Structures are given as structure tokens and as C-alpha cells.
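**Q** Given next are the chains, with one letter for each unit.
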Amino acid sequence: MADPLNISISGLLAFQRALSTTSHNIANATTEGFSRQRVELGTRIPESLGGFSQGTGVQVNDVRRVFDGFLATEVRTATTEQARLDVFAGLAGRVGDLLGSRAGGLSTGLQTLFEGVQKLANDPSSLPVRQTLLGEADTIARRFAELDRQLETLGRETFNRVESSVDAINGLARALADINERIVRSPGAANGQFPSDLLDRRETLLRELAAQVDVRTVAADDGSVNVFISNGQSLVLGQRANEMSVSSGDFGADELEIRIGGVAVTSQLGGGELGGLLDFKREVLDPVRNDLGRSAVVLADSFNTQHRQGLDLNGQFGGDFFDVGAPRVLAARSNSGSGELSVAVADIGALTGNDYTLNFDGTNFSLIDSSTGSAVALGGSGTPADPFTADGLSIVIDDVSNFSAGDRFRIQPTRIAASGLSVAISDPAKIAASAPMRTASSLDNIGDATISAGQVVDFGDPNLLTTSTITFDDPPVSYTINGGPSVPFVSGDTVTVNGFEFQLEGSPTAGDSFTIEPNFGGVGDNRNALALGDLRDARLIAGGTRSIVEQADILISRIGATTGAAQAALESQTVLLNSAQDQLMSVSGVNLDEEAANLLRFQQAFEANARVISIVNTTFQALLAATR
Amino acid sequence: MRISTQMLFRQGIDGILQQQARAAATQRQIATGQRVNKPSDDPVAAARIQELERSLAQQDVFLTNIGRIEQRLKTEEAVLTSAGELVQRVRELAVQASNDAIGDRQRELIAIEMRDRLEELVSIGNTRDGDGEFLFGGAQKETRPFELGPAGVSYRGDSVQRELLIGAGTTMADGDTGDQVFMRIRDGNGTVRVAQEAGNTGAGFIIAEPAVNLSQYSGESFRVEFGANADGDTTFRILDGNGDPVDLSTVQGVTADPTEDLTPPVLGDPPLPATVALFEPGQTIRLAGIGFRIEGAPEANDAFVVEPSRFESMFDTIGQLAAALETKPFDATDRAGIRQQINDALGQLDNAETRILEVRAGVGGRLNTLDDINATREEVKLGLTELVSDIRDLDFAEAVSLLQQQLFTLEAAQQSFAALQGNSLFRFI
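Which chain is which? The protein sequence lines are Z and U, in order.
Here my numbering is used: position 27 in the first sequence is 27, and no number is missing along the way.
Here my numbering is used: position 112 in the second sequence is 112, and no number is missing along the way.
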């Protein structure tokens, strides 16, 4: 019955609800993820009174949540990318600071080492100078090892952060499943009336999830939201959450494997903190460790090769100057064969900074560059006499019959090389600074022929360190070596004796003689030290395009460029995220001034309705008084 | 666009935080004086700085090496100066001794001083540098290079010259080896040497002409054999390396002996070539690109040899001269012999002096080159330092004004934030 009292009461009730909603908005003005709510008022169903209808007051149609799903998706997408870049740029910057620090970086260490070599070249016989060089070599070796250790620590930290990120994802997935259940079971759910505050709470959880990993959401009709990671593997399906887990991969703890409900999804994960961590490990940490290791291998190998070609203070050929970590081979856990590989570095110039996978298909071995995914041609046959060769590596397999089809091996040529770098000699007298051979012309010579300083061409010659005399015949158109057969003389021609090569030039006289002899006692000779010093600028890396020190620069500039790009992207992504958030807040956010105005408006409306009741009351009292 | 209160708040706070971060970064730059404090500040510049700093350090290496070479070359120069003075003194003594008027006793005294000088020269050859290494032993730095024994002075060093790095791929020797300085000195005129044969009875001696034509001289030996013709004139023949007389038409500066019988063995053949020449003291005889003079009064059957010169050490020159002066001449022949030896020694002392001058000139030249390189290196270093500074260091004026601007903006952001936050409709109801 449409009496004014009832109509006013409907107004009172409606505006009470409106005031409640406004106060809810004001109370939640700073609540994260809260969407403002609005009371939707409507007229009650009118009363039909014969030829006309009479309004019956106001009713609350809905308390609506002001929200835009598209804008919310945009915020999530921006959050995912921003979180990924934030983690990536931060970690990459730390690697750059580590490698580029003046005190602990490679560049200064290498420079100091080569300065030590120059000091040796200046004073080859001085034991203190030799001791200094050993000290500087030890410093650079420790620096390589220390850098690698810190990178390894960073790797462990990454692993731990991956684990905690996965924990967070699992927690969020469970919370989402739970909230899905509460939404589906809410009283109005059957009519499509879902509690706004639960929807907000779920949106906040989704945003938190997006900060961890890139997800797609699909809304179901019953009000629940299904959450998938990029390849379609479901993380939350209705009211059930699937468990995400981290384990070590097929090749051991160095490679992470992330699974959802038993399905490996590592390669499909992207975005968010988890994506950033995985990207960092794949794009920065592993390549940098490989490159650092490659520099260590090149330093050790080139130094050792040259050092073995000189004589030390005891008149002995130099030995290895540095020890360096060997290539690491990891057999897949799934291998059924018992075959083993031995891998060595054969050519430092051809060495890359990549990892490889060797596959066996039952008859043939094939090599895949794990970093690029492309096949690498294998030379040789894999036997010790004829090893497989590829990208500067030599690979020997113990016995084909020990391998089963499907066996896989991960080869990391330089991953742990840097940590294994150390100085192999401790006795300063064992530094080989002098050339192994010297030449001289006899003081009795009459002619003006000269002999060049010469160089060793075959260090394997067993008679290398022996004295030989070249004597010119009469007439001096030929000469004999140690009284052997006469050899015709052509001025400037190269002569090789016992693996040692030199030139005789000029016009000799019959009987003139020249000697080549081992450089014993030549403590002032610095020729091998100079050759060691030349390694600073010798282009030995990447097919002869870079020197050791240039490689250190490239390492820094490459990581620098990666960091710089990530930082720039992070900045623009942050702007993008802020703008998406502003857009959403512009729709959903609470404006206190607006609420204050609403408060006044609803208060006035409430007061007006109350006034109507008072007037109805006065009217009723007047009616009563009239009939009294 | 509708503004939500939270958005207003966040934007205000974000603005303040951003300005604070910028001001803090500028403040850190001002505090360290460097624009790039760690590689992540400016990754690209960091790599460039690293490269430049290494080049800079390498310039210092070159400068150090140059300093080492200079120090060693200066030591060598000083030692060479005293060696040169010693050779000059020996030369003076030889000139004194060549005076026919002096007696045996005086010659003996000269010989004694010469022996002293020889020992002094040996000890000069055995000079050690500041590091206690022998200067002239080649790479045999710990072996005394010169040893005075009964058979003269022997060299026990080697011919290995030490080079130091003075620029990228450029080296320079930091000294000279003892064999080059003291041992490998050509005797005679540097191409040929001359001598009188033992058993000469006359008072003649032979001197090699300094001028030679190396393109014509092929290392042959000659022997000049004296005789007398029917007229009683002194004559000579020149025999080549095979002992055959040389055709005088190939020799300049000689007069053929008219009494020589040139009749061919077979009648009708052209006459035989002249081989016997009339002797004229002091005449310059030139053949095969070389020349020599024979002075004094050689007698028939006397002979002189001309042969390719050999190495003779300074020590041997002085030692042999002293030995010659120690002999007591019995007659004119002996005196001619001594005269010949003094003459040879004078020539050889000239060669020794020339060698020392040459080596000193080489050292001086290297020192000059080092001065130039030093200057260049310093310039390069300065350039590199400026470059590093440009990239890494801070422009203070710019940074300070930037900081002021940033602080001003920060203050404005703070004030506007406070104003906006204080401005609420709730204050009016």
C-alpha cells in the first residue's frame, strides 16, 4: 500500500544504505586493491490504481563495485613485466659492479700481471722481481677464482629466490582457489551477485601472482577464475590449486627444473620475479661465468704454451705457469648407458662461451650448442687417437658399446675454469724468462757473414739443447754442420738444425764458423719474458679477433649493455605500470571529496525523508484532532 | 579524468621520492667527484674507462722501461768514456814509443804502463751495473765476461742483446755486448791487414792505405816479395793467393823493371806480361780495390803480406804492443820489426777508438730517441688522462647547479603535496 509513510521509510532505508556504502568507501580509502562501491537506487514497482499508477518509493537495486576488468588486466600485464625487469636489472647490475670494480675486477688484475712480466723482462735475473711476478700471478688467479665464487654465490642466491618465488606462487594459488570457493558459495552467486570485497581481494591476489610470474586468467560462469601459466598449464582450476615445484634438472643441481603437477614448465615460464630470475640465470649469469672461464683458460693456456718454450734460471725448460679448471661434463640422470666422456680444450682461439649437449642416438653422436640450440658439426671419430673436435674442444668417448640410445651429456667447457685457476709454480727460479738457444759467430771469423738470433720451431726435438757448429768450406759456397755433409750456402736462407731455425747472411770466408748452443747461464736474457709480455695484446680469443685484456673489456661492456637496456626498459615499464594503475584507480579508486559530497547529499536526502515522515505524522495528528 | 585520493597521494609521494633519489645521486657524484662511481651508473662508459685506464697504466709501463734503458745506457756511456780515454792514453804511449830516439829503458817503462792500462781496460770490461750484473757479458750477466790469462784476454759472455719494450710492439736494446765493444774490431784498415814476414833482413815496413773499394776486393791475400835486378836496383813482385805473380798492368802506381826478360817461350807469341816492378819507398801500390805503401829499405828476399783483416780485440792490441815494446832491438832489422808493430798497433788503436766512438754514438742516439719517445709517451698519457677524466669525472659547476635545481624541485613537490593533502572537503563539514 502506497502510503507516504511507507514511501518515506523506503527512502530512509535506501539512504541509510547509501550512507553505509559511502562510509565503507571512506573507511577503505587506502585499502590496497579496494574498488569503490556505489548504491544503485531505483523506483519500487508502482501500484496500479485503476487508470493510473502510483509510485511506491525507492529501493536499492544493487551495491555495485566500480571496476574495469580490461584495465585490471593491463595493470597485471604491466606488473609482470615490471617485476621481471626489476629483478633482472638489479641482478645484472650487481654482476656488472662485480666484474667492473677497480679493486677486484679483471682488467686491473690482468694489467698488473703484465706489468709484473715487464718487470721480469727488465730484470730477468732478479729473484725479488721473479717473486713479485709470482705474487701478481697469484693475485690474478685468486681474482678469477674469487669473481667466479661470487658469481656462484649469486647463482645460489638466484636459486633460493626461485624457490621462495615458487613458494609464494603456491601460496597465492592456494589463496586464489580458496577465494574462488568462497565466491562460488556466496549467497548471491546463483544470481550472478558476487561479493564485491571478495572480488577485490581476488584481484589483489592475481596482481600479486602477476608480480611473481606471467599468468593468464579465464573467468568461469560460476564466478571463479581459472589461472594458467603461459603454455596453458593450469595453476588454479576453479577451487583447486596445482602445486608448482622446483627440482634440479636432468643434468644436476646447476640447472633448475620447475614443474606444475609433474609437468616440466621451466622453458615456458616468463615474466614476474620468477621469469626475471630465470632470464638472469640464462642470459647473464651462465654466459658470464662461461666467458670468465674462457678468459681464464686463454690466460692459462697461452701463458703455459709460451712459458714452456723458455729456459728458467736452472737451464730447464719452463713448466706450466698456471693450472686451470678442466671442462665439466655432466651425464644426464636419465642415461641408461655407463659411457663416459673426457673433454679437453684443444684450440683456445675456437673456444666459445657456450655450453653443449652431446646426444647419442644408438649409432651416432651429435652435438648441440645448448646456448643457441643449433647443431655443431663434429670432426674426428671420438677415439683417443682421433677425438671428436668441435668449437675448440676435443671429446674422447671411452667405448661406444657403453652408450645407450638417448644418452645425453652436458658439456660446459669453461664454466668452472675460472675457479680452478691457480699458479702452478712456487719457485721463482723456475720462471722461464730466457730463450732456449743462442747463436754466435766465431771471434776468428774473417768474412762478414752474420747469424740471426733464430727461433725454436720444434720443441719436441730431442737434440734441441745441443751445441752445433756451422763451418764454411773452402771455397765458402757451402758449409758443414758438425762436420756433416756439405750444404750449399745461399745468403739469407733459413737453416734448421735440431728443431732450431736461423738465418746466415752476408759473405763468409773459408773456415768461418758459427755456433748455436743452449742458452745456459743466460740469466740476463729476457726474450721469453718479452714473448710472455706480448700475450697481453696477442689476439688469441674468438678466432683471433680479441686479446685477453680486450675480452675483459667486452665482458664488462656486454654485461653493461644488457644492464643498461634492462634499466631503460625498467624505467619505461614503471611509467607504463603507473599509468595503468592510474587508469584503474581513476575508475575504481575512492575520492574522499567525492565521498564527502555524497555524504552531504545522502544526509540531505535522509533528512528530507525523515521530514516527510514528520509531516505525515503532523497530517495524521491534524486528522485525529478534527475527529476528536 | 577522475582522480582518486589514493592516486593523488601516490603521485605526490612518487614525485617526492624521485626527486630525492635524483638529488641523492647528484650528491654522491659531488662527494666522490666522479660521474661514474660503479659500472651500473653508466655501463657503457664504465667499459670505456676500464680500457682507457689500462692504456694509461701501459704508458706507465713504457715510461718505466724507458727509464730503465736510460739508466743503463747512461752507465754504459760513462764506462765507454773511460774506455775511450784509456785507449787514447795508450795511443799517446805508442806514439812516444815510436820515437827512434828513446832508449830501451824508456820503452820498458812505457811497456809497464801499458800492461797496467791493459789490466784497467779488462776491469772496465768487467764493470757491473747498479744491479750487480756485468754490463758487457751479453745475457751471461753473472759470468765475468773478460778474463786475463797467459794467452791474452778471452771473452766468456755471449752475443745476446737485451731488448726492452718501449711502446706497443717496439723494443730497444738496453746495452751492447762485450764482444761487439771490445773484441770484434777489424785489424789493418778494416778490410785488409798488412805485415812483414818473419826473417826479413831489411829495414822496410808496410802500411795499408785506408781507402778501399769493397766492390773490387774479394778477400784475396797477396805477398810482396823483394829482389834485385842486374842494375842493382831493388825490385819486387806481387804474388796472389795461389803464389802466381800478378800482371803489373792490373796494378797502379808501379814502374815495371825494364831489365825483366819478357821474351815469350814460343817465338811469335806476344811478350809475357810484366811482373817485376822497381821499388820506390813510400809509393802507393793499388790493386784489386786495396792499396798499401812500403816504407824504408827492404832488402832482397824480404817479404810482406797483405791479407783480409781479422778480428783483434783491444786487449790483444795493447797486449801485443806491450810485448813488442818489451823486446830489446839488436839491429836495424829488429827496430824495423818494432816499428812495424807500433805502426800496426797505432792503426789498430785508431780502430779501437773508432769502435768506442761508434758504440757511444749508438748509445747517444738511443738516448736521444728515448727522450723523444718519452715526450711522446707523456703527451699520450696526458691525452688519455684527460679522456678518462672527461668520461668519468664530474663537471662540478654543472653538478652543483643541477643539485640546487633538484632540491628546489623537491621542495616544490613537498609543498604542493602538503597543500593538496590539506585541501579536503571534510574540513568544511
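No lab work stands behind these hints: they were computed from the structure.
Don't take each hint at face value.
Here are the simulated distance ranges between beta carbons [stated by the list, open to error]:
| # | chain 1 | residue 1 | chain 2 | residue 2 | range |
| --- | --- | --- | --- | --- | --- |
| 1 | Z | Ala453 | U | Asp334 | 46 to 56 angstroms |
| 2 | Z | Arg174 | U | Asp395 | 50 to 60 angstroms |
| 3 | Z | Asp250 | U | Thr376 | 38 to 48 angstroms |
| 4 | U | Asn99 | Z | Ser513 | 33 to 43 angstroms |
| 5 | U | Asp231 | Z | Thr450 | 43 to 53 angstroms |
So the derived list for chain Z, only partly shown, Cβ under 10 angstroms to chain U, looks like this [as the list claims (entries may be wrong)]:
| # | residue |
| --- | --- |
| 6 | Leu98 |
| 7 | Ser267 |
| 8 | Leu443 |
| 9 | Gly447 |
| 10 | Ile554 |
| 11 | Ala597 |
| 12 | Leu600 |
Keep in mind that this is a model prediction, so the values were computed, not measured.
Backbone N, C-alpha and C define an ideal beta-carbon position, used for all residues, glycine too.
**Q** Hint by hint, say whether it matches the structure.
**A** Here is what the structure says about each hint:
1. Between alanine 453 of chain Z and aspartate 334 of chain U, the C-beta spacing of about 48 angstroms keeps the proposed range 46 to 56 angstroms intact.
2. At roughly 56 angstroms, the beta-carbon separation of arginine 174 of chain Z and aspartate 395 of chain U lies within the given 50 to 60 angstroms, and the hint holds.
3. Distance hint for aspartate 250 of chain Z and threonine 376 of chain U: a CB-CB separation of about 60 angstroms, inconsistent with the stated range 38 to 48 angstroms.
4. At about 41 angstroms, the beta-carbon gap between asparagine 99 of chain U and serine 513 of chain Z stays in the expected band of 33 to 43 angstroms.
5. The hinted window of 43 to 53 angstroms between aspartate 231 of chain U and threonine 450 of chain Z holds, with their beta carbons roughly 52 angstroms apart.
6. Residue-level restraint check for leucine 98 of chain Z holds (minimum Cβ-Cβ distance to chain U is 9 angstroms; threshold 10 angstroms).
7. This hint is violated: serine 267 of chain Z has a C-beta 28 angstroms from the nearest C-beta of chain U, more than the 10 angstroms allowed.
8. About 5 angstroms separates the beta-carbon of leucine 443 of chain Z from the nearest beta-carbon of chain U, less than 10 angstroms, and the hint is met.
9. With a least beta-carbon distance of about 7 angstroms to chain U, the hint placing glycine 447 of chain Z at the interface is held under the 10 angstroms criterion.
10. About 8 angstroms separates the beta-carbon of isoleucine 554 of chain Z from the nearest beta-carbon of chain U, less than 10 angstroms, and the hint is met.
11. Against a cut-off of 10 angstroms between C-beta atoms, the interface hint on alanine 597 of chain Z holds, since the closest Cβ of chain U lies about 6 angstroms away.
12. Taken as an interface hint, leucine 600 of chain Z checks out: its beta carbon lies about 6 angstroms from the nearest beta carbon of chain U, inside 10 angstroms.
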